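Could you put together the complete structure from these sequences and hints?
Number of protein chains: 2
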Amino acid sequence: MNPIKAYAAASKTAPLELSSIHRRDPGPCDVQIEILFCGVCHSDLHTVRDEWGGTVYPCVPGHEIVGRVVKVGPEVKKVREGDLAGVGCLVDSCRNCGNCRDGFEQFCEEGAIFTYNAQDKHSGGVTYGGYAESIVVKESFVLRIPESLDLAATAPLLCAGITTYSPLRHWNVTAGQKVGVVGLGGLGHMAVKFAHAFGARVVLFTTSPGKTEDALRLGASEVVLSKNEAEMKQHASSFDFILDTVSAKHDINAYLNLLKRDGTLTLVGAPSEGLPIEAFNLISGRRQFAGSLIGGLPETQEMLDFCGEHGITCDIEMIRIQQINEAYERLLKSDVKYRFVIDMASLKG
Amino acid sequence: MNPIKAYAAASKTAPLELSSIHRRDPGPCDVQIEILFCGVCHSDLHTVRDEWGGTVYPCVPGHEIVGRVVKVGPEVKKVREGDLAGVGCLVDSCRNCGNCRDGFEQFCEEGAIFTYNAQDKHSGGVTYGGYAESIVVKESFVLRIPESLDLAATAPLLCAGITTYSPLRHWNVTAGQKVGVVGLGGLGHMAVKFAHAFGARVVLFTTSPGKTEDALRLGASEVVLSKNEAEMKQHASSFDFILDTVSAKHDINAYLNLLKRDGTLTLVGAPSEGLPIEAFNLISGRRQFAGSLIGGLPETQEMLDFCGEHGITCDIEMIRIQQINEAYERLLKSDVKYRFVIDMASLKG
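In order, the protein sequence lines correspond to chains A and B. Our numbering numbers the first residue of the first sequence as 67 and each following residue consecutively. Our numbering numbers the first residue of the second sequence as 67 and each following residue consecutively.
FYI, nobody ran anything at the bench for these hints, they're computed from the structure. What you are looking at is a predicted structure, and each value in this text was computed from that prediction instead of being measured. Any given hint could turn out to be false.
Any copy, or any two copies together, can satisfy a pair, since identical chains are not distinguished.
With a cut-off of at most 35 Å between alpha-carbon atoms, the simulated DSBU-like pairs for lysine-lysine come out as follows [stated by the list, open to error]:
hint, residue 1, residue 2
1, Lys326, Lys187
2, Lys144, Lys399
3, Lys399, Lys143
4, Lys143, Lys71
5, Lys143, Lys299
6, Lys315, Lys144
The structure is reproduced here in structure tokens:
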């Protein structure tokens, strides 16, 4: 099986190009997956271009991975050869600390091992992600994928899906609540779908009037242009929960003011600059400003099962791997509805 | 009864001086209280000097009021003539909105009526606080005071007490938890006492090495000098809850990093400048940054009853009303352990 084809960046200014990498042979508890589709997350671009620092080259990104199991170790019980399987943002953790035991491997106290650009404890070097023919992952980090869903449109559930599902569940979004979603991108469009599926009345906040029609189609009841102060003011103190998916620096206070007493605004984007918070906006109404990071393995499986039952997938634009550099440029302009997914068959051609 | 003696400021630069004010005659649902002690809150000083804007003069501050009931209207059931009674930060609200019905009169949707410098719906003008011989308040805003406690040391429970008790209760501080308290002033010393009484292991954060002995005496298990980075680092990701009582601008991120997964840091001080929050500190560990404002009437009564059962009062320094301007100067230098309380008998003399 080795070496295998992958798309890698050789430096922070280099484009992603065809190259070859090695994967370990599957051990007793490992699953080898032929990758069929891989979603394109903004984190891929940040890492490839070393925008967060610490990128080791060559860098093979991709953490929204779905495919077919081609080989399993003798101890593996979760999946069998021929099954669909997925890999999200995590490929390993200590499995022993309090957070791991509670099913929050993303907060592993020893440090979670992310799917790419993390220290690879098995093969040395760094982990390589899903822009590749195949991947070998510990059974515990493999997800079962519902057969009922469109497979390509399922891939982004592994990051965009769980990142929005998890906080909506944790802060108990339920029927009858008024829930805001800030931003309609890869994350935001999934947040709208999930909050709507949970029975909430969803209000989308955007700076783009052009997104209104889509937001309503995806499940929002109302769209508010966040630059319109009068429109914002009409919603003062009325939200149970707001999920903020915007990664750029923006005014959090304007949204905190829209929360009811005991309401929470949760950030899943990660602006690089500090966000100035007016204490009064929290003290008045006992409001909370929180953050959330992807989700652990048990909840990711729960989310996939929920999507299977309710027919929920991402809205995607399929690309060939040869279009990835162009896709990154479009991502920078938010020119995608709402997630690029790479058809990995193109890597074989 | 009218006019009565009070201490009032005539302008934002004037000292508090003996003057006279009018109180309404008690209506059917009103309680008239002879004020015996009144605590001195930093809010008194902010308002007297118009530091928050909007102060109407003459200004009579004071919202930590305890005394003896001298007259009740015919409809009053909660207290009788001769009973001890207290008045905190609130004297009225609509009693009809969702927040009022839920017992959160401080968040009244029509606007809570604060004990001083708020619009007085009964007598016109603004409300006058507790630096006065007596006060007339609606029964619903009167608190019963346990007879078992030192009365003077009970007065600051009406603001400093409920402000710290309420968030510790709301975020479920219980036995076995590790709880931080930032700052050892009027609020902080009560937070230490309550968190300790709830069974938590309390760590006090301070910039003053001189406060260690007192903090331990009040119930803290450990004192951390917040300027000592190495000491702070030892507590990373270990706190269930942190109550931050500091009103000056300070680095919240240093404390957010000390929270466990799902931990909350709650601010009860209100720095006037925005506090820059690093998104990563919230996202990592799904932490929450929250605010809390005093407490509603039901919870204030619950707190007073709890203090009665557990023998909890404030550590106070008694002053005569004639010393109030000097006390304000000392307050600015944090030169008080830990609350000034005015012996209102001095106003008669």
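Outcome of the hint check:
no.	hint	result
1	Lys326 - Lys187	between (46 Å within a copy, 26 Å between copies)
2	Lys144 - Lys399	neither (40 Å within a copy, 65 Å between copies)
3	Lys399 - Lys143	neither (43 Å within a copy, 67 Å between copies)
4	Lys143 - Lys71	within (28 Å within a copy, 82 Å between copies)
5	Lys143 - Lys299	neither (54 Å within a copy, 41 Å between copies)
6	Lys315 - Lys144	neither (42 Å within a copy, 52 Å between copies)
Consistency with the previously given hints fails for numbers 2, 3, 5, 6, ordered from lowest to highest.
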